[in-house]
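S.K.: Below are the chains, spelled out letter by letter.
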Amino acid sequence: MNLLFIGWNHRATPVEVRERIAFTPEKAREALKHLFAERILTEGAIVATCNRSEIYGLSEREDAADAVATFLSSFHQVDGGVLRQTAVSGGGEETVRHLFRVASGLDSMVLGEAQILGQVREAYRLATETGAARVVTNRLFQSALECGKRVRNETTLGARPTSVPGIALLLVGRVFEELEGRRVLVVGAGETAELTAQLLVENGATDLRVCNRSEGRAAALAAAIGGRAVPWESLVTAAAESDLILSATGAPEPVITAKALAEARHRSRRRGPLLILDLAVPRDVEPAVDELSDVYRYDVDALNEVAAENAAARRAEVPKAEAIVEETVVKFRDWFGGLHHVDVVKALRGKLEGIRRQEVEAYRGKIAGLGPDAEKVVERLTDSIVSKILHHPTVGLKEGNASERLERADAVRALFRLDPPEKP
Amino acid sequence: MSAAQLASALGLGALVLYVLATGLYVLNLLRPSAWTGRLATVAAALGAVLNFAALYARAVALESVPYRDLLGSMKLFGFFLAALNVVLELRHRDRSLGPFLMPAALVFMLVALLETPVPRAPSPQFKGSIFALHVTLNMLSYAAFAVACALSLLYLLAGRALKHRGRALAGPASRLPTLAYLERATRTSLAVGVVTLLAGLSFGFFWAFRIWGPQNVRWGLDPKVWVAVATLVFYAAILVRARSGAAPVTTARLCVAGFLLILISYTAVNLLVTRLHSFT
Numbered sequence: 004m005n006l007l008f009i010g011w012n013h014r015a016t017p018v019e020v021r022e023r024i025a026f027t028p029e030k031a032r033e034a035l036k037h038l039f040a041e042r043i044l045t046e047g048a049i050v051a052t053c054n055r056s057e058i059y060g061l062s063e064r065e066d067a068a069d070a071v072a073t074f075l076s077s078f079h080q081v082d083g084g085v086l087r088q089t090a091v092s093g094g095g096e097e098t099v100r101h102l103f104r105v106a107s108g109l110d111s112m113v114l115g116e117a118q119i120l121g122q123v124r125e126a127y128r129l130a131t132e133t134g135a136a137r138v139v140t141n142r143l144f145q146s147a148l149e150c151g152k153r154v155r156n157e158t159t160l161g162a163r164p165t166s167v168p169g170i171a172l173l174l175v176g177r178v179f180e181e182l183e184g185r186r187v188l189v190v191g192a193g194e195t196a197e198l199t200a201q202l203l204v205e206n207g208a209t210d211l212r213v214c215n216r217s218e219g220r221a222a223a224l225a226a227a228i229g230g231r232a233v234p235w236e237s238l239v240t241a242a243a244e245s246d247l248i249l250s251a252t253g254a255p256e257p258v259i260t261a262k263a264l265a266e267a268r269h270r271s272r273r274r275g276p277l278l279i280l281d282l283a284v285p286r287d288v289e290p291a292v293d294e295l296s297d298v299y300r301y302d303v304d305a306l307n308e309v310a311a312e313n314a315a316a317r318r319a320e321v322p323k324a325e326a327i328v329e330e331t332v333v334k335f336r337d338w339f340g341g342l343h344h345v346d347v348v349k350a351l352r353g354k355l356e357g358i359r360r361q362e363v364e365a366y367r368g369k370i371a372g373l374g375p376d377a378e379k380v381v382e383r384l385t386d387s388i389v390s391k392i393l394h395h396p397t398v399g400l401k402e403g404n405a406s407e408r409l410e411r412a413d414a415v416r417a418l419f420r421l422d423p424p425e426k427p
Numbered sequence: 105m106s107a108a109q110l111a112s113a114l115g116l117g118a119l120v121l122y123v124l125a126t127g128l129y130v131l132n133l134l135r136p137s138a139w140t141g142r143l144a145t146v147a148a149a150l151g152a153v154l155n156f157a158a159l160y161a162r163a164v165a166l167e168s169v170p171y172r173d174l175l176g177s178m179k180l181f182g183f184f185l186a187a188l189n190v191v192l193e194l195r196h197r198d199r200s201l202g203p204f205l206m207p208a209a210l211v212f213m214l215v216a217l218l219e220t221p222v223p224r225a226p227s228p229q230f231k232g233s234i235f236a237l238h239v240t241l242n243m244l245s246y247a248a249f250a251v252a253c254a255l256s257l258l259y260l261l262a263g264r265a266l267k268h269r270g271r272a273l274a275g276p277a278s279r280l281p282t283l284a285y286l287e288r289a290t291r292t293s294l295a296v297g298v299v300t301l302l303a304g305l306s307f308g309f310f311w312a313f314r315i316w317g318p319q320n321v322r323w324g325l326d327p328k329v330w331v332a333v334a335t336l337v338f339y340a341a342i343l344v345r346a347r348s349g350a351a352p353v354t355t356a357r358l359c360v361a362g363f364l365l366i367l368i369s370y371t372a373v374n375l376l377v378t379r380l381h382s383f384t
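Protein chains in written order, with our numbering: chain G, 4 to 427; chain Y, 105 to 384.
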């Protein structure tokens, strides 16, 4: 019986290989069915993201990892040698630790990223739906999800964004409760301006204006994002009347100067906080606008600086997250170790023997009144009853495949309450 | 137990809860957790309830409005601060005002507990709802200006953190409300303060006319009256400026300065200068 994982991820496998063995939900279902039909696995699940394709499962074969690689080679029509060379695999506790680290975002390309927990949940849902998740997979994935949640709640591993768009949105959220109704000025109509403006629209921006030297491109972008174009000559006036400025032109010099903005804001009646996200290099907005009250300017360097600080803060949280992973691994190990059939039979016998002794002790006075040999007879009789009760469970715990045996062992442990109650 | 002793015991209970709430709010700002936050709110709310009960017991002991002297009015002020904090928190689901308002409520309650009210027959002029409304509304306006001051301090802190790049995105500053909310809430508090101060002063004038008659207007020369009118004009001007598009940073600074004026009016003017408002 072998609890194993084999996978291809961003750490060891080039993207050319990863994209060829990517799993859609349909493909994952189909692969799982084949893996059981060919008796490579008795249960399992496939975690599929853009950075990893990993198979977790229980097998009775010693060469299970190799067999999975061989199967996938024919399933995805990829050279088996390449797959074996670039695979990451492990068995037993390594499998558990790896999945828990994946679910916690510790193994992600962007440390602590949030989506992975949802992707592990999706993998588990798919495995349950196809009947591939049985007792070990259930416990393994439930523990992984619990571990991931704990890491998110008890550490700040994923709390601070590390991407420029993520930081930009967070900054917007520090100034405005919501983007709806806030006046957003997009300066420039290139790719950066368009992508960031789209992001703002997705996050609730409704009142957008686009200002660009080429009026045609401004009109096109305005139409694409549901805003309206503003003539280039009105740039500073429009800036003064905005709540948020997103600037990304290719201009060689600042297009918004501190003096012009100060004068325009003085003329304008709109004086709330103004957030400026200057994504252009060279910068579009003169740094001297920092001196204006209620104006908050962030250029690319500032955003990158924040990104670097946040990444460092995430790295500092790794030991805490690893400790949570280890704690969860130990809990799983204790549970999994308790499913070994010899241990289960031993624990069950101990439990029944305890009950037998207790009852015999309770009736000892009455038994003594029945005659000199009564005590020995009762001892033999009750001992024999216990042995007979234990016979079928003992045999049953050895029958079937690994998953079936472990399912029964788990059921016996639960039904006879063989585990000590968990500490709160 | 006499009503006066009961008032002191209830006040002490309120004080203990305010200490607890202050500690929990600060802890929640530094190391946020759902339970710390909830406990802080519960402590502040229970403290306000006990504070109100203490005021009621004091009213019974004095047979008059319980806040016609300095310490009684401080107890009322503490109550308003705690109650406004809880109301704003429940309304906006935001606990960032607590670490600023609760210590103030605590200080006022602490000072107020330095005396035990001695029952004495109130002068007839201090009876009646007009006088009670005058004092209550004026105290409510002071509490609203205190909230505006706390919101303004938060605005200045949050703005400063945003000017220093990533500081607004990490640590306690990242848990402050948004600038837009702080600006809006400051304006609302200012409006509440101006309206209640105007109403409180109007009731005061009406009460004075009734007591001394229109032919005797010497009460109008009392320094406290002039300071109160000046406070009203000052805050009304800030409000008008804020509503007509003044820079929020300037409004915030003026609100902080204005509250210093109130503190001076409430302490130095009442204790040293005025005769009619000298807390009998």
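Derived from the structure by calculation, the hints contain no laboratory data. There may be inaccurate statements among the hints.
As the list claims (entries may be wrong) - SDA-like cross-link-like pairs, simulated, lysine to any residue; straight-line CA separation at most 25 angstroms:
1. G/354 with G/401
2. G/262 with Y/345
3. Y/267 with G/364
4. Y/267 with G/289
5. G/354 with G/284
6. G/323 with Y/267
7. G/323 with Y/314
8. G/262 with Y/349
9. Y/267 with G/304
10. G/349 with G/364
11. G/152 with Y/139
12. G/152 with Y/197
13. Y/267 with G/416
14. G/152 with Y/142
15. Y/267 with G/265
16. Y/267 with G/266
17. Y/267 with G/180
18. G/401 with G/416
19. Y/267 with G/286
20. Y/267 with G/168
21. Y/267 with G/202
22. G/323 with Y/135
23. Y/267 with G/349
24. Y/267 with G/269
25. Y/267 with G/316
26. Y/267 with G/303
27. Y/267 with G/284
28. G/323 with Y/175
29. Y/267 with G/401
30. G/262 with Y/354
31. G/152 with Y/349
32. Y/267 with G/261
33. Y/267 with G/402
34. Y/267 with G/315
Said to hold, decoys possible - Derived list of chain Y stretches under chain G, where covered just means 3 residues or more per stretch with a C-beta under 8 angstroms from a C-beta of chain G:
35. 125 to 135
36. 198 to 206
37. 240 to 247
Said to hold, decoys possible - Here are some chain Y residues the structure puts well away from chain G; computed CB gaps all over 10 angstroms:
38. 112
39. 139
40. 191
Note that the Cβ used here is the ideal one computed from N, Cα and C, for glycine as well.
S.K.: All hints are to be evaluated individually against the structure, with a verdict given for each.
M.R.: So, going through the hints one by one against the coordinates:
1. For the given pair, residue 354 of chain G sits about 20 angstroms from residue 401 of chain G by alpha-carbon distance, which is consistent with the 25 angstroms threshold.
2. A threshold of 25 angstroms between alpha carbons decides the hint, and for residue 262 of chain G with residue 345 of chain Y the separation of about 23 angstroms falls inside it, so the pair holds.
3. A threshold of 25 angstroms between alpha carbons decides the hint, and for residue 267 of chain Y with residue 364 of chain G the separation of about 79 angstroms lies outside it, so the pair is violated.
4. Our distance criterion of 25 angstroms between C-alpha atoms is met by residue 267 of chain Y and residue 289 of chain G, whose separation comes to about 15 angstroms.
5. For a cut-off of 25 angstroms, the pair hint linking residue 354 of chain G to residue 284 of chain G is broken: about 74 angstroms separates their Cα positions.
6. Proximity of residue 323 of chain G to residue 267 of chain Y is assessed by CA-CA distance (about 31 angstroms); at most 25 angstroms being required, the pair is judged violated.
7. Pair hint residue 323 of chain G plus residue 314 of chain Y does not hold up; C-alpha atoms about 71 angstroms apart against a cutoff of 25 angstroms.
8. Only pairs whose Cα atoms come within 25 angstroms are accepted, and residue 262 of chain G paired with residue 349 of chain Y is accepted, the gap being roughly 19 angstroms.
9. Taken as a hint, the residue 267 of chain Y and residue 304 of chain G pair is honoured in the structure, with Cα atoms around 14 angstroms apart against an allowance of 25 angstroms.
10. Proximity of residue 349 of chain G to residue 364 of chain G is assessed by CA-CA distance (about 22 angstroms); at most 25 angstroms being required, the pair is judged to hold.
11. A C-alpha spacing of about 18 angstroms is found between residue 152 of chain G and residue 139 of chain Y, which places the hinted pair at or below 25 angstroms, so the restraint holds.
12. With a CA separation close to 24 angstroms, the supplied pair residue 152 of chain G and residue 197 of chain Y stays within the 25 angstroms bound.
13. The suggested pairing of residue 267 of chain Y with residue 416 of chain G is violated, with an alpha-carbon distance near 60 angstroms, which exceeds 25 angstroms.
14. Distance restraint check for residue 152 of chain G and residue 142 of chain Y: the Cα-Cα separation of roughly 22 angstroms lies within the 25 angstroms cut-off, and the hinted pair is therefore satisfied.
15. Using a Cα cut-off of 25 angstroms, the hinted pair residue 267 of chain Y and residue 265 of chain G holds, with the two alpha carbons roughly 17 angstroms apart.
16. In summary, the hint linking residue 267 of chain Y to residue 266 of chain G is supported, as the alpha carbons are separated by about 21 angstroms, within the 25 angstroms threshold.
17. Only pairs whose Cα atoms come within 25 angstroms are accepted, and residue 267 of chain Y paired with residue 180 of chain G is accepted, the gap being roughly 18 angstroms.
18. Distance check on the hinted pair: residue 401 of chain G and residue 416 of chain G sit about 15 angstroms apart at the alpha-carbon level, within 25 angstroms; holds.
19. This hinted pair checks out: residue 267 of chain Y and residue 286 of chain G have alpha carbons roughly 17 angstroms apart, not beyond 25 angstroms.
20. A distance of roughly 19 angstroms separates the Cα atoms of residue 267 of chain Y and residue 168 of chain G; the hinted pair therefore holds under the 25 angstroms criterion.
21. Taking the CA atoms of residue 267 of chain Y and residue 202 of chain G, the gap is near 24 angstroms; set against the 25 angstroms cutoff, the hint holds.
22. About 16 angstroms separates the Cα atoms of residue 323 of chain G and residue 135 of chain Y, which keeps this hinted pair within 25 angstroms; it holds.
23. Between the alpha carbons of residue 267 of chain Y and residue 349 of chain G the distance comes to roughly 67 angstroms, so the proposed pair goes past 25 angstroms and is violated.
24. Restraint check: the Cα-Cα separation between residue 267 of chain Y and residue 269 of chain G comes to about 20 angstroms, which is no more than 25 angstroms; the hinted pair holds.
25. Between residue 267 of chain Y and residue 316 of chain G the CA atoms are separated by roughly 20 angstroms; this keeps the pair inside 25 angstroms, and the hint holds.
26. Only pairs whose Cα atoms come within 25 angstroms are accepted, and residue 267 of chain Y paired with residue 303 of chain G is accepted, the gap being roughly 15 angstroms.
27. A C-alpha spacing of about 20 angstroms is found between residue 267 of chain Y and residue 284 of chain G, which places the hinted pair at or below 25 angstroms, so the restraint holds.
28. Annotation: proposed proximity of residue 323 of chain G to residue 175 of chain Y is violated, straight-line Cα distance about 50 angstroms (limit 25 angstroms).
29. Annotation: proposed proximity of residue 267 of chain Y to residue 401 of chain G is violated, straight-line Cα distance about 69 angstroms (limit 25 angstroms).
30. Proposed proximity of residue 262 of chain G and residue 354 of chain Y is supported: the alpha carbons are some 19 angstroms apart, at most 25 angstroms.
31. Proposed proximity of residue 152 of chain G and residue 349 of chain Y is contradicted: the alpha carbons are some 45 angstroms apart, above 25 angstroms.
32. For the proposed pair residue 267 of chain Y and residue 261 of chain G, the alpha carbon gap of about 15 angstroms is at most 25 angstroms, so the pair holds.
33. Distance hint between residue 267 of chain Y and residue 402 of chain G is unfulfilled; the C-alpha atoms sit about 69 angstroms from each other, more than 25 angstroms.
34. For the proposed pair residue 267 of chain Y and residue 315 of chain G, the alpha carbon gap of about 21 angstroms is at most 25 angstroms, so the pair holds.
35. Check on the stretch 125 to 135 of chain Y: 0 of its residues sit with their Cβ under 8 angstroms from a Cβ of chain G, so the three-residue criterion for coverage is violated.
36. Given as covered by chain G, the stretch 198 to 206 of chain Y fails the check, having 0 residues with a CB less than 8 angstroms from a CB of that chain where 3 are the minimum.
37. By the rule of at least three residues with a Cβ nearer than 8 angstroms to a Cβ of chain G, the coverage given for the stretch 240 to 247 of chain Y is violated, with 0 such residues.
38. The Cβ of residue 112 of chain Y sits about 42 angstroms from the closest Cβ of chain G, beyond the 10 angstroms cut-off, so the non-interface label holds.
39. Taking the minimum C-beta to C-beta distance to chain G, about 13 angstroms, the non-interface status of residue 139 of chain Y holds against the 10 angstroms cut.
40. Listed as a non-interface residue, residue 191 of chain Y keeps its Cβ farther than 10 angstroms from every Cβ of chain G; the least gap is roughly 19 angstroms.
Checked against the numbered hints listed earlier, the structure breaks hints 3, 5, 6, 7, 13, 23, 28, 29, 31, 33, 35, 36, 37; every other hint is satisfied.
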